[in-house]
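Residues per chain, in single letters:
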Amino acid sequence: MSSTDLSIQLTGLELENPTILAAGVLGTTGASLRRMAGEGAGAVVTKSIGSEPKEGHPNPTMFKLDSGFLNAMGLPNPSYRDFREELSIARKGGVPVIASVFGAHPDEFAEIIIGLEGASAYELNVSCPHASGYGTVVGTDPVLVEEITRAAKRTTDTPVWVKLTPNVTDIVEIGEAASRGGADAVVAINTVRGMAIDIHSGYPILGNLYGGLSGPAVRPVAVKCVYDLYKALDIPVIGVGGIGSWQDAVEMMMAGASAVQVGSAVYDNVNIFSEITSGLSAYLKANDHSLDDITGLAHRKVEQ
Amino acid sequence: MRPVNAVITEIIRETPTIITLVTDIELDAAPGQFVMVWVRGLDEIPMALSHPGSITVQRVGEATEALSRLDVGDSIGIRGPFGNGFEVKGEGGGKGNREGEGGGDGNGEKKGNKIMIIAGGVGGAPLLPLAQQAQSLGLDVTTLIGARTADELLFEKHFSKCGALSIATDDGSKGHHGFITGAMDMFNLAGFDQFYICGPELMMKSVLDILQAAGLEAMAQLSLHRYFKCGIGVCGACTIDPSGLRVCRDGPVFSGDLLTTSELGKYHRDATGKKIMF
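If you read the sequences in order, they're chains A and B. Note that our numbering has the first sequence beginning at 1, numbered continuously upward. Note that our numbering has the second sequence beginning at 1, numbered continuously upward.
Watch out, some of these pointers could steer you wrong.
Said to hold, decoys possible - Straight-line distance between alpha carbons at most 35 Å, and here's what the computed DSBU-like set of lysine-lysine pairs gives: (1) A:K285 with A:K92; (2) A:K92 with B:K275; (3) B:K205 with A:K64; (4) A:K64 with B:K161; (5) B:K266 with A:K92; (6) A:K92 with B:K205; (7) A:K92 with A:K64; (8) B:K89 with A:K64; (9) B:K89 with B:K161; (10) B:K266 with B:K89; (11) A:K285 with A:K231; (12) B:K89 with B:K205; (13) B:K161 with B:K174; (14) A:K285 with A:K153; (15) B:K274 with B:K161; (16) A:K64 with B:K275; (17) A:K231 with A:K301; (18) B:K274 with A:K64; (19) B:K89 with B:K157; (20) A:K301 with A:K224; (21) B:K114 with B:K157; (22) B:K275 with A:K153; (23) A:K92 with B:K274; (24) A:K153 with A:K231; (25) B:K274 with A:K153; (26) B:K275 with B:K205.
Said to hold, decoys possible - Which residues of chain B face chain A? A few of them, derived with a C-beta cut under 7 Å, are: (27) G41; (28) D43; (29) G80; (30) R226; (31) K229; (32) V234; (33) G236; (34) A237; (35) D241; (36) G265; (37) Y267; (38) T272; (39) K274; (40) I276.
No lab work stands behind these hints, which were simulated from the structure alone. In this text, all values refer to a predicted model and were calculated from it rather than measured experimentally. The C-beta atom is built at its ideal place from N, Cα and C for all residues, glycine as well.
Using the sequences and the hints, build the whole thing.
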């Protein structure tokens with residue numbers, strides 16, 4: 001249908017298109033990750049994997065709001081030992097498979113990365129907003145983020161991405177810490193801390209009481225974070241947060257994203273990746289643009 | 001959607017271990033769709049709808065235990081209906097006839113009209129509304145229900161009002177002595193146009209094996225049970241191998257031909273995502 005080339009080089013990885021399945025979404029099994037590759041994702045990110053099996057928070061763990069989704073899964077995972085097999089199945093999907101890993105300290109991240117050898121890249125989850133001892137607890141501390149990133153880089157020659165939380169005063173400070181630690185890219189943003197209460201009973205709805213907001217409601221938050229990170233950093237920024245259409249992807253790229261991740265939007269349509277790439281392709285063709293032309297375009301317009 | 005508040009208006013004791021909670025809400029649900037039932041402060045679990053406002057619960061764990069302790073006037077949170085539900089083929093008979101006249105498969109005017117429902121234990125819950133719908137559409141319904149013992153047979157009277165009924169009990173206290181697959185032997189399976197199955201996984205696997213041996217697996221619809229987290233097709237906790245399909249969204253009802261080479265009857269995954277062998 002289109003001859004527009006959407007392939008990109010991202011931290012040394014070859015992606016056929018710049019849409020990536022986000023961590024924590026349809027990434028529990030190798031078969032599911034393969035299915036998403038088949039639905040057109042240029043790369044896929046696994047569920048976040050830790051060093052020990054974790055059941056996650058009690059249900060309800062996720063539900064839909066008018067403006068997005070609230071979730072508090074609680075990093076459920078079978079540990080890297082039991083995820084290896086899923087990773088090797090996922091790799092048969094023909095696209096880069098990025099292993100999302102979480103831990104409490106640099107050594108734990110290193111252990112998991114070694115345990116999940118064979119991933120195309122590692123995405124350090126220092127941003128889950130609702131798992132005690134992990135995620136945001138780690139990701140709001142620039143010193144720790146830098147140490148974890150450096151430990152990961154020392155552990156592996158494959159690219160290391162660092163996924164950032166928006167639940168900080170200044171995301172750029174954390175992004176710069178990741179960059180100093182040697183990150184090959186930053187991914188922004190994880191979910192925005194949120195809560196909902198059942199008015200019939202007074203109970204918080206999520207089993208964990210609070211969680212993270214995703215979906216359309218957080219897109220402007222993500223666009224601003226990506227915009228700021230692009231301005232401050234010399235490494236690629238991967239944009240994620242509320243992207244559900246090719247127009248959303250174009251906006252995120254204009255803010256500075258080299259690629260986009262799609263999560264909650266699989267709710268409406270698992271074929272969202274193909275949908276975004278065909279829309280993006282048609283848009284670029286109609287405007288005689290390349291992906292490079294639109295990445296960070298908003299900055300160049302402002303500078304003019 | 002946020003959970004809807006559902007007040008319990010009636011509790012029906014179906015068997016010594018199974019109750020039906022009737023609530024004041026009425027959902028526009030297809031047979032086989034499910035809801036996420038929230039026991040506030042404890043857990044949220046998927047449950048089949050046995051009626052537009054009712055769930056039928058067997059005590060198997062903490063959440064179902066809590067549900068079985070509720071009284072009339074207590075309330076639960078309900079999200080749904082979710083999932084695909086059963087497909088009633090050859091609806092109303094008329095549609096099947098028209099297809100026949102159109103020179104379809106030339107298999108006779110009865111095509112699509114004769115269905116077999118196979119329910120094991122509490123698996124009868126999503127199948128009762130299906131049987132009732134099929135009967136109201138004029139389909140010829142035969143139901144096989146199985147349980148460990150006669151006391152545990154679920155919806156025996158309700159199913160018998162929808163058509164022919166056969167019974168199997170593990171201990172022989174009623175009907176065929178043995179598994180429900182033994183009761184299937186009494187029928188010419190090739191004479192049925194569609195099979196609807198829900199029950200314990202190994203029972204469903206045995207039933208599917210028999211249908212597959214008869215070349216009928218594509219005419220079977222099975223409702224699967226897996227550990228659900230989000231219930232809305234986003235998290236991926238309930239995806240099955242090797243298709244990667246989501247039980248909560250692409251299912252819970254799957255065509256038998258999709259399942260013959262699947263994980264059905266081999267393993268499922270626990271809350272961590274780890275494989276647990278059957």
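To see whether the hints hold, each was checked on the structure:
Between K285 of chain A and K92 of chain A the alpha-carbon distance is near 31 Å, which keeps this suggested pair within the 35 Å criterion. For the hint linking K92 of chain A to K275 of chain B, the alpha-carbon distance of about 20 Å falls within 35 Å, and the restraint holds. Note on K205 of chain B and K64 of chain A: the hinted pairing holds, with a Cα-Cα distance of about 34 Å set against a maximum of 35 Å. For the hint pairing K64 of chain A with K161 of chain B, the CA-to-CA distance comes to about 39 Å; that exceeds 35 Å, so the pair is violated.
The hinted pair formed by K266 of chain B and K92 of chain A meets the criterion: a straight-line CA distance of about 22 Å does not exceed 35 Å. A C-alpha spacing of about 28 Å is found between K92 of chain A and K205 of chain B, which places the hinted pair at or below 35 Å, so the restraint holds. Under the criterion of a C-alpha separation no larger than 35 Å, the hint pairing K92 of chain A with K64 of chain A is consistent with the structure, at around 32 Å. This hinted pair checks out: K89 of chain B and K64 of chain A have alpha carbons roughly 32 Å apart, not beyond 35 Å.
Distance check on the hinted pair: K89 of chain B and K161 of chain B sit about 20 Å apart at the alpha-carbon level, within 35 Å; holds. Taking the CA atoms of K266 of chain B and K89 of chain B, the gap is near 29 Å; set against the 35 Å cutoff, the hint holds. Between K285 of chain A and K231 of chain A the alpha-carbon distance is near 27 Å, which keeps this suggested pair within the 35 Å criterion. A C-alpha spacing of about 22 Å is found between K89 of chain B and K205 of chain B, which places the hinted pair at or below 35 Å, so the restraint holds.
A distance of roughly 18 Å separates the Cα atoms of K161 of chain B and K174 of chain B; the hinted pair therefore holds under the 35 Å criterion. A C-alpha spacing of about 38 Å is found between K285 of chain A and K153 of chain A, which places the hinted pair above 35 Å, so the restraint is violated. Our distance criterion of 35 Å between C-alpha atoms is broken by K274 of chain B and K161 of chain B, whose separation comes to about 43 Å. The straight-line distance between the Cα atoms of K64 of chain A and K275 of chain B is roughly 28 Å, inside the 35 Å bound, and the hint therefore holds.
Distance hint between K231 of chain A and K301 of chain A is fulfilled; the C-alpha atoms sit about 13 Å from each other, no more than 35 Å. Note on K274 of chain B and K64 of chain A: the hinted pairing holds, with a Cα-Cα distance of about 26 Å set against a maximum of 35 Å. With a C-alpha separation of about 24 Å, the suggested pairing of K89 of chain B with K157 of chain B holds against the 35 Å cut-off. Restraint check: the Cα-Cα separation between K301 of chain A and K224 of chain A comes to about 16 Å, which is no more than 35 Å; the hinted pair holds.
Of the pairs offered as hints, the one joining K114 of chain B and K157 of chain B holds, with about 20 Å between alpha carbons and a cut-off of 35 Å not exceeded. Between K275 of chain B and K153 of chain A the CA atoms are separated by roughly 31 Å; this keeps the pair inside 35 Å, and the hint holds. The hinted pair formed by K92 of chain A and K274 of chain B meets the criterion: a straight-line CA distance of about 20 Å does not exceed 35 Å. Between K153 of chain A and K231 of chain A, the direct Cα distance comes to roughly 24 Å. Compliance with the 35 Å bound is thereby established for this hinted pair.
For the hint pairing K274 of chain B with K153 of chain A, the CA-to-CA distance comes to about 29 Å; that is within 35 Å, so the pair holds. For the suggested pair K275 of chain B and K205 of chain B, the alpha carbons sit about 18 Å apart, so the restraint of at most 35 Å is met. Annotation: interface hint on G41 of chain B holds; nearest CB of chain A at approximately 6 Å, less than 7 Å. With its C-beta approaching chain A no nearer than about 5 Å, D43 of chain B sits inside the 7 Å limit, and its interface hint holds.
Because the closest C-beta pair between G80 of chain B and chain A is about 11 Å apart, greater than 7 Å, the hint is violated. The closest approach between the C-beta of R226 of chain B and any C-beta of chain A is roughly 11 Å, which is over the 7 Å cut-off, so the hint fails. The interface hint given for K229 of chain B is met, as the beta carbon of that residue sits about 5 Å from the closest beta carbon of chain A, less than 7 Å. Given hint, V234 of chain B at the interface with chain A, holds; its Cβ is 5 Å from that chain's nearest Cβ, closer than 7 Å.
The interface hint given for G236 of chain B is met, as the beta carbon of that residue sits about 4 Å from the closest beta carbon of chain A, less than 7 Å. Using the Cβ-Cβ criterion of 7 Å, the hint placing A237 of chain B at the interface with chain A is satisfied: the shortest such distance is roughly 6 Å. The closest approach between the C-beta of D241 of chain B and any C-beta of chain A is roughly 5 Å, which is under the 7 Å cut-off, so the hint is satisfied. At a threshold of 7 Å, the smallest CB-CB gap from G265 of chain B to chain A is about 17 Å, leaving the interface hint violated.
For the restraint placing Y267 of chain B at the interface with chain A, the shortest Cβ-Cβ distance is roughly 11 Å, beyond the 7 Å limit, so the hint is violated. The closest approach between the C-beta of T272 of chain B and any C-beta of chain A is roughly 4 Å, which is under the 7 Å cut-off, so the hint is satisfied. For K274 of chain B, the shortest C-beta to C-beta distance to chain A is roughly 4 Å, which falls under 7 Å, so the interface hint holds. The beta carbon of I276 of chain B is not positioned within 7 Å of any beta carbon in chain A (closest approach about 10 Å), and the interface hint is therefore violated.
Consistency note: the structure conflicts with the earlier hints numbered 4, 14, 15, 29, 30, 36, 37, 40.
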